[in-house]
Structure formats: structure tokens, C-alpha cells
Amino acid sequence: MSSTTPALELRDLSVGYRTLGVEQLVLRGVSFAIAPGETYGLVGESGCGKSTAAFAALRALARNGFISGGRVLVDGQDVTDLDPAGLRQLRLTKVSMVYQDPGRALNPSMTVARQIAEVYEAVGVRRADALERAEAMLVKVRIPGTGRVMTAFPHQLSGGMQQRVVIAMALAKNPKLLVLDEPTTGLDATVEAEVLDLIEALKQEFATSVLFISHNLAIIERMCDRIGVLYAGSLVEEGVGADLLARPLHPYTMRLLRCLPAAGRRKSDGRLDTIPGFLPPLGSIRTGCVFTPRCDFADAVCRTDAPGPTRVGSQMACCHHIDRATASGRNSLDLAVPVPPTAASFGRPALQVSGVSKTFHVGSHALRAVTDVSLTLRTGETLGLVGESGSGKTTLARLLLGLTAPDPGGRIELDGQPVAGQAKRRSRADQKALQIVFQNPDSALNRSHTVRHLIERSLSRLGGLFGRQRSERLMALVSAVRLTERHLSMRPRQLSGGLKQRVAIARAFAGDPRVVICDEPTSALDVSVQAAILNLLADLQSTAGVSYVFISHDLGVVRYLSDRIAVLYLGRIMEIGPAEDVFNGPHHPYTEALLSAVPDLAELHNGERTARIRLSGEMPSPLAPPPGCVFNSRCPRKIGAICETTEPTLPADADHAIRCHLSREALGRRGGAPPVAADQRYAPVSA
Amino acid sequence: MTGATTLAVADAGLPSTAAHTDPATEPLAAAPSRIGRLLRSGSFMVGAAIVLFWVFCALFGPFVVPYDPYSDDLLNTLAMPSAAHWFGTDQIGRDILSRVIVGAGPILSVAPLATLLATAAGTTLGLLTGYVGGWLDSLIGRLIEVLLALPLIVVALLVLVALGPSSTTVIGVIGIIFTPLIARTVRSAVLSERSLDYVAAAELRGEGALHIMFVEILPNVLPPILVETTVRLGYAIFTVASLSFLGFGIQPPSADWGLAISENYGLMTGGYWWTVSFAAGATASLVVGVNLVADGIQAALE
Amino acid sequence: MLSRFARQAGRRLSLSLLTLALLSVVVFAGAQLLPGDVGRAILGPLADPEAVAAINHEVGADRPAIETYFAWIGNFLTGDMGRSYTFRSPVAPFIGGALANSLKLAAVVFVIVVPLSIGAGVFAAMRAGRWPDRVISVVSLSLTVIPEFVSSIALILVLGIWLRWLPISAATRPGTPALEQLRHLILPALPLVIVLFGYIARMARAGTLEALDSDYTRTAVLKGLPQRTVIFRHVLGNALLPTITVVAAQVGYMIGGLVVVESLFRYQGIGSLILTAARGKDFPMLEAGILTVGAIFVATTLMADTLYTVLNPRLREAGGR
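From first to last, the protein sequence lines are chains V, Z and H.
Numbering-wise, the first sequence is residues 1 to 687 according to the working numbering.
Numbering-wise, the second sequence is residues 1 to 302 according to the working numbering.
Numbering-wise, the third sequence is residues 1 to 321 according to the working numbering.
Honestly, the hints are just simulated from the structure, not real lab data.
Remember, it's a predicted structure, so these values are computed and weren't measured experimentally.
Even glycine gets a Cβ: it sits at the ideal position worked out from N, Cα and C.
Incorrect hints may appear among the rest.
[As the list claims (entries may be wrong)] Quick partial rundown of chain Z residues pointing at chain V, CB under 8 angstroms, derived from the structure:
| hint | residue |
| --- | --- |
| 1 | GLY36 |
| 2 | ASP197 |
| 3 | ALA201 |
| 4 | GLU203 |
| 5 | ARG205 |
| 6 | LEU210 |
| 7 | PHE214 |
| 8 | ASN220 |
| 9 | PRO224 |
| 10 | LEU226 |
[Stated by the list, open to error] Stretches of chain V that chain H covers, calculated by requiring three or more beta carbons in the stretch to come under 8 angstroms of a beta carbon on chain H:
| hint | region |
| --- | --- |
| 11 | 79-90 |
| 12 | 103-112 |
| 13 | 116-125 |
[To be verified] So the derived label-pair ranges between C-beta atoms look like this:
| hint | chain 1 | residue 1 | chain 2 | residue 2 | range |
| --- | --- | --- | --- | --- | --- |
| 14 | V | GLY270 | Z | ARG40 | 46 to 56 angstroms |
| 15 | Z | ILE92 | H | ARG11 | 17 to 27 angstroms |
| 16 | V | SER31 | Z | GLY36 | 52 to 62 angstroms |
| 17 | H | LEU18 | V | GLY640 | 51 to 61 angstroms |
| 18 | Z | ILE35 | V | GLY270 | 47 to 57 angstroms |
| 19 | H | THR229 | V | ALA666 | 37 to 47 angstroms |
| 20 | Z | ILE35 | H | THR229 | 39 to 49 angstroms |
| 21 | V | THR310 | H | THR229 | 31 to 41 angstroms |
| 22 | V | ASP129 | H | LEU163 | 56 to 66 angstroms |
| 23 | V | ALA327 | H | GLU210 | 27 to 37 angstroms |
Using the sequences provided together with the hints, build the complete structure.
Shown next, in the form of C-alpha cells:
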């Protein structure tokens, strides 16, 4: 094979699934090639077929999947007609895959050592040598204390460590092609950043080609040389990463980018763009361009003729109207829909929390999930709660709602009046004043009830409405969340994720709440749907004057919606202040690391690349938080003994309060210099 | 079409559902209904046909039988199957065909009633322990474990000896013994529902425990309850038949199948196979039929 | 981690003992349900009132229930299981002999059913959705609900009477060679094998299917490992672990089946002993038999749970997280 033979080439590949005797095409005529050493990113919303493309590359489709046309070439070898022995040989030597949930990708009953070693043993390496090589591989994926990890079972490792082991296994055969299917989805931001760094470094070291699949445009842009955009099973656009995102050619890509609350956009700057309509059901569009029903530029040609690839410079797009689309100005991010600026003056405090803690008892241990949290939320204000898993943000939300009883001593006040710790002890007025929009509408909406019943029950319980009054209010609510009467008789499973979340929002607003807690309300949704929900929340706030506590791990989303932001770590507020101050600094070292961990498309547009700060070590267990400042075990700006002995306080009266021993001047700011040299990131942890 | 199968491990296969489950669209006219799936399942239809046949015999048997199933004919005892007596006659000359047809009655009233009793009690208990939890759950859980530590037949024997065998006692005993089994299934279903946010949402609306248990949770745990009930019905028939065989269930002169086998199995070695085989076949077909129905329902609900 | 393991084991043991204690109360209470007085029930309506009173005194029916219970359970723990009403002699030797016989029969059942059903379950899972799977599934599903006395009838008629392959009585004369004894046990074992086969096979099939559909199996396949390695190391290694508890849970069920089978095949085991006691209202014998059966069930469950914990790395250690 010559050095220019693509590591992977799809030629006009079509893949379908057979369900209950019905065949549906999931990929339609997809073609792309990945050069040796190149990293190619496939991006798209759920249901676009990106995982199918990944599994097709290894010919590892689900049992009901079939290739209905086209070729897949790995290192020049056609894999579509390989016999089982040839296929096994291919997987043994040339291709590897890493997928989303590393905890499930590893065999729970085998040690890490055996699982990596068997890759070598399969090609005839002796047991002892294989184990030696396995350990060397663990060193390469920067696992500290390899001896301990070798004898560990997967469940004894953290998610980040598990994914490193999976990557070690994948690279053990030194493959020509590495397929990464959402490799960091589900990991915390700081861990994700580390794993992405690792992948970047190993790519160089192993000179392997990578097919990188993700729903996250910013990550794809950061990791990949070229990007392909999939929509409804078709590759609609392809090009060099930065170019494609800066100057998209295809109307879908343009729309998708404008859905993102990126580039420091805020709710006061205007609403986000959305993509009207729905992803077409599989196989429903047989002729013409798949994007036609949702496209601004579609005409008769689009409905009848499938557009072929059109090249513009390094880019390719499948669209009949590239000229019109690019001339429309929609391919820039700056064009926001202006809204009348709301008066930034917020009313009196709606919700006041002081000294609230929550201790769970795990066996004989005490787990402090939330420690001494105080905060104030004013009328019409949004407070963003940010933190990684284990930071206590969901527990805090449950405390506010009364779903979990707080430890004695804390106070929660609504409009100056104390409320009971448990929801069932609260007065009807307090119950209706504090409501929630949960993360997962499938879990939050009772699947046995119709939309009408779901909302009406809240209207009567919380709003105290019955009869005609209730029907009137129901219709008003339904139209406020942009649902139609048609939806009322449906049950949740008949609705898409976005529509379900609208029902949940309508329910939360049934009793005219004072405060609505939004617990990751868009994290299960695609970006185009997310944009619509964020717009809806912003609209409802400006009309109803409600306050939000908005919990999210997505900093872009938090920034878009929040007026103030609180950053949580191990149950403590590390920093709280006006959103822009928290983002721009001076900020807490943890905030700084969080911001730096997340690739942001805004950087691309501003041309700035902030220095990356990576945290060492893993988040300590809340069962045994470090003494002193709880962040000291991972802090890149640790100043010395004081951090390990004395917990810094959070100034109670400051508008922008930071829990750190460092002075304001010494704290990091956006665009500031990195506090540690880059190569210190992986300073070996003494085993 | 190139290669339909795509795996080296040809038969082991990969997940058939793995890649392709989430079209993020409005799946309005998607999968066929559960009823439709049931009606297309071959084993369900066979099972349902068998069960319906015996239900018909139980209801209308007395009107269609060729002979009086209870009157003896001492001149015609232990007759081989013939044109006059298709299934032969027993020790005192009763027509076995008539007895097998009528024999569907007792078991098909005792077993379903026992199952119904257990389902009602078990569902309530399961909802309570699963939703309320705490000490109540621990206490009932322990009691259930104690009951499960004994073979059903043995517990039934103990109680039936103490209270004396009768159809009512059998219904009560089996109902009580099956209650913890159903409660356990309902409890685990309730536990997984309880962690869902719609329960929290109901609590935030200020709904009471009864509303949450019976209006919010119960409709969602009906499918596992339905499956458990049909499976239990099969085992109830199994247990009632076994108890009757042992002499502790349905009492003579009933034409019950288990009883018939118990009265006649000593004759088997003498070559009088027909005195037991038809009743045995009837019992087997009924339990298998019920079980096929249960399996069909389970498959359709998954 | 050893201490944690020991703590867990200790907790399980004490829970098992608690279960047994509660069980003894239930059994005792069951015996107290008997209406009328014991002596009358045993001797019949025409017996001399003095004789009835004598029996009532002998069995303690004239003392408070609590007192009787503690006397009974105290004796039981020292190996004195009371005196049989029917045989007018101590219960314990009957229980011991019957238990030994039943264990022989149970051993034959398990030796036949465990490999057969697990093999069939795994085989069906590997052919999931195709005809061998359909056949195994439907057959095992149907067999598992057929009462033992029904399948016994069929087996006796076919194998015992028409084909004359196997002896139809389980009982053998003293001094019969072991192999011949074993031959007598095969026919009584088969009805129980039939019932257990379906249950264990279904569990093994479900476990294997789950492992086959898991991400880690896909990882193993994509590593390019030989099919043999994938199946034995990755699939079965994880699939068969839960089957251990399933098999152990069948012990209790099987004793119930023994009641029917032993009486049908005239075999002197614990099952037929319980049945005879029940028919003769021989309460000391019945209580002792039932409590023994319960103890065996609790003990096997305890052993299976412990074995499962020892074999499962996720439960063996405290875990890193």
C-alpha cells in the first residue's frame, strides 16, 4: 500500500436496518476518505447516522443492519465482502474502535491487565511478554500507578481512567485506523479535556488515522483536520475544520451553527436561531435534497433532484443553492434577532438561602453533599449553577424544592418568609411558587397520562383552577410554550424530546411560580432543539418575571441564560457573581480550569486561543474531602501550606465572591497566562 | 445487497438494537400495537386456543357431556376406550370423557380466584413497600423471605392439615402464598418507577401518597403485574392440581383431574392406562396453554 | 477488604438465622391452628376422655403456646425433635434417614439437570431468534409448568410399563448394589429434571443473551479475538455467574416437588415423610420435617450468595468508587 492510500474510504455507502420486516436506509450514498495520519470528524445531531457510519467502517453493524450499496475500504482493502476470517484479521491488525461508555466497554469480570494483554496474545505474543507490553501501553496513556491499575477490575477505576484503558486497548495493535465514537460524552468537562489532550498526543505518537464522531461542534473543530456534516443519513458538507465552521456553505450547517449559544451570546443580545420543523423520519425522503422541508432556500429543484457535491475551495457541499445561501449572510454568527432589552434592574429577593447543608449517611460514613450554601435570587433573575458531577448541584436543587430535607440550621426563604424543609410540609402557596423543569422529560412526565391530564392536574393542584377557567388557562399555557391543541390528547411517548420538554415547562408554569429550577433542561436535546427551549425559557421569563435557578454543565448555555453564576465544587460554592465577571475574571482557579477545559467556538471567531489549564488528579470523594481548601488537591495555583490547612471563606457581602486564599490580583483572567508550564500537566503522580 | 451478516462471531452477533433506536422525530405511526403483536404471535394464539377450549368445557361441560360424569355403571367398569366410551370408563364405570370435560370446572374456578386474590393483595403490598419504603419495607420484606423459604406445597400442606381441605381453604392458602411473590415483582417495578422524576413532580404538586401510588405509579406497573398474574395463574393450576393429587385439594366426588389421577394411578401397572392418561393430558395442556399465553403477553409488552 | 467481606458474611448469616427463627414461629403457629384439641383429633371422637387428656398433657397442648414454643424449639436445637404421634417414637431418626434418601435423589436430579439446562440455554442464546432457539424456548417453557405427577404418569407409562427400560419403584431392598440403586432413582428424578430444566435453561439463555448484547462483548469481537475466546472468556464468564443463585434457589422448590414424586414412587424421603405426617396429623413429625426443609433452603441460599460474592469481582471488593 502506498503512503497515500486512504486509511478509510467510504464510496457511495448506503446502510439500512431491518426492523419488523421493514427496511429503512440510515445512510444514503455517503462518500469520504481519511488520509494516513489525518483526523476526520463526523458531526451531526442524533439520528443522523454517524454511529452507523462508524460501525460500518469496521463492518460491525447491529444484527439487523445491512450494507445496501457502496464500498468501505480500509487501507485500500474492501471490507464489504470479507469472509469472517478476513474480517477478524482486519480487526486484529488494522482497525480499532472506542465508544461512548467506557464502563460498559470493559469486561467487568476481567482485570485490566488481562484485557489489554489478550490483544497481544491474539497475534501470538507469549503471556508474559503480553503483560509486559500491556503495562507499557498503560504508561503511554498516562495512567499513574500502572501496577495498581493492571490488577484492578474496571469498576475500581474512574470514568476517565476507564476510557484511557479502552484507548490503550485500541492502540495496542497499532492500528491504521482508530474510530472514536463520542469518546468523551458522559465524562466531566475537566476529565474530558484530559482525555482529548491524550488523544491528540497519541495521534502524533502512533501516526494513526482517526475517524472522530461527535455531536459537539467545538470538540470536533478542536480535534479534527477535516469535518464532515451528516444530516438525515447524507453527508451535506465537508471541509477543513476552521474554514467550514467560519464559512459554512450548506444551509443546514449555517443553521446548526447559529443554534449554538456560543461566542459569548447572552439572552439580552437576542434569541438563538432555531431550525424549523423536524428531522424527517427514516426513509421518508426518497427524492431530492434531505434538508428541503426545513430549508429557507428550497425550491422545486430541491424536491426532485438530490444535489451532488459542489466544491468551493477546500470545501464541499451538497446543495443546489450554495450561492444564494452564502450571499444571505446567514453564514455569519453575528446576526442575532434583536429583542427589546429588558431593564437589567432586578426586583427584591425572591429566594434567599442561608447556611444550607445536606449530609447523607452512607453506611457508617457521613457524606456532605452540600456544605453551608448561601445565596440570593432576585425576582426575574437567573442564577446559573455550574459544577461537575459530584459537585452537589442537583442535591442543592432538591434541597430548594424540598425533595430532600436539609440538615438542621439552614434557612430557605421565599419572599422573606421561611419555607418548610420538605415539600409535603410546605403550604400550597409555597409549593406553587417553587417548581422545577427536570433534565429528562421521559422521566419527568408520567407516560400513562395524556398531555392534557399532565398540565390540567397541575392547574388544579397548584393553580386551584377548575372547569372553564382551567380550560382557558390550559389553552393559554399550551400556546405560550408553542404547543398546539393537537398535542393535548397525546401521551409523552408520541412526542419528540423537545415537545416533551415543552410540556414539562408548561406544567412548571401552571401555578404561576416565583422560582423555577431548571435542572439541565436541555442536556438531553440536540442543539437545534436546545436553542428553541432556551428561547422559550428566556421569553417566559421576560413575560412572567419568574426567577430561574439554571443548572447545566454546558458553560455556553449557562452564560446565555444566566445573570449570575455560582460555581460549585464538592458541595461548596467556590465562586458566585455576575455572569460576565465570573466568565471574564478574575476567577477562582477551579472556574478558570473549567472554562479552559471546554473548547469554545467563540475562540475560533475571536481568533484567540486561551492557554489550556488542566487539573491533575481526580475529583476527591465527597466522603473524604481534602482538608483545608477542598480544591487544593487539584489546584494549579496552590500557594502552599495554608491551602492544606485552612479553608478559605466566601465573602458574604461581595457582589462577586471567590473562595480562595489568593488575592484578586493574583487570580486568573480570561486570556491570561497559564499558571503552569504545559508539560507539567502530566507530572507523574508518585505511585 | 452485500453481506447481510456482518460479524466474525457469526452466531454470537452484536446487539440487534445497539445502533439504531433513536430517530429524534415524532414517532407517531411507528410500531404495531401491542394487541397486534399478540395476535401475530403463534405461541400466544395456540395457548389462547387451548385455554379457551377448557374455559368452554368448564362453563358448558355439563350440557354437552355424553354421560352423567358422576353416575357409576358397575357392569361396565374399567372399559377400554371404545366407540361408546371414547376415553373408556373408570373403576366404578363412570365415563372418563365426560369426567375430563367436566373436570375443567373445579380447577378453573379455584386457580383463577386464588390468583385474583393474590394479585389484589400483592399489588397493594408491593405498592406500599415500594413507595413508602423504610421500616415497613424491611419488615414485610423479611416476612416475604420467610414465606419463600418454604416450598409452596409444603406451606399449603401445613395450613390445609390445620384447617381441613376444602375449595375455599385452597383458594385462601394459595392466594396468601402467592401474595408475597406478586408483591415482590410489583415492589421492584415500583422501586424503579419511584426514582423517576414524575413522582418527584407529583410530590412537588402536593399530591398525597394514595394518589401517587394508585394514579401515578400503578398505571405504569400494570404490564409487569399482568405478566406476573398470568404466570402465577399457571403455577396456581399446577399447585391446585398437585394438592388435589395429594388429597389436600379439591375433594371427591368432584371430577377434578388431579383427584382422578390420585384415585386411579395405582391401576396403571395393571395396564389401565386410560384411567389416568386423559386427565394427565388435560392438566398438561391447560398449564402449557396458560404459560404460552403468559409468554406471549410478556413478549408483546417488552 | 477482608473485614468488609467478613462483615457482609456475618450480616448474611444473622439474617438467615432471623429468617429461620421467624420460620419456626410460622410453623409452630400453623400447628396451633388445628381446631379442637390434639388428643381428640388423634384418638377420634369415641376415645376415652382421660386418654385424650393424657395425650394433651403429653404433647403440651394444655400449656400456654409461648411456653410450648420455647420448649419445642429448645429441644429441637439440642436434636430432640419430639415424639411422633403416629409411631410413638422419637422423630429425629426418621428425619435423618429420610433426609439422606432425599439428598440422594436430589443429587441425581442436579447432576442431570444442571449441565443439560445450562448447555441448552447457552446454545439457544447463541442461535437467538432462529429455530433451535424457538424450539428450546417453547419446549422448556412448556415443560417447566407441567406438574410432576402428570409427567410422572407419562414417564411411568412409557419408560416403565411399555418400554420397560427403567424400574418404576424408587425403593430398593437393603444390600442392593449402588449402581442398581442409582438406576431406580432415574425415573423418579426425571419429573423434577423436567420442571427444573425449563427454569434454569431460560435463566441461562437470558444471561447469555445479555452478555452477547453487551458492549464488552462487542469490544472483544472488535479486538479480533477468535470466536472461541470471545464466547468462553467474555460471554460465558459473565453470563453464568448469576445462574449459580438461580440453581441454588431451585433447591427449595425441588423439596416441594419431592413431596409428590416420593409419594408417587414410594420412596422414603423427607417429602413422603412430610406427606405421611400431614395425612396422619402427626404434628411433631410435620413440624420437624418442615423446619428441616426450611433450614436446608436457607442454608443453600446463604451458600449460593456467598459463592456469588466470592466469584464476582464487583462484589468481592469494596470497589474504587
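| message | Under the constraints set out in the numbered hints, which ones does this structure not fulfil? | response | Hints 1, 6, 7, 9, 10, 15, 16, 19, 21 and 23 are the ones this structure does not satisfy, whereas the remaining hints hold.
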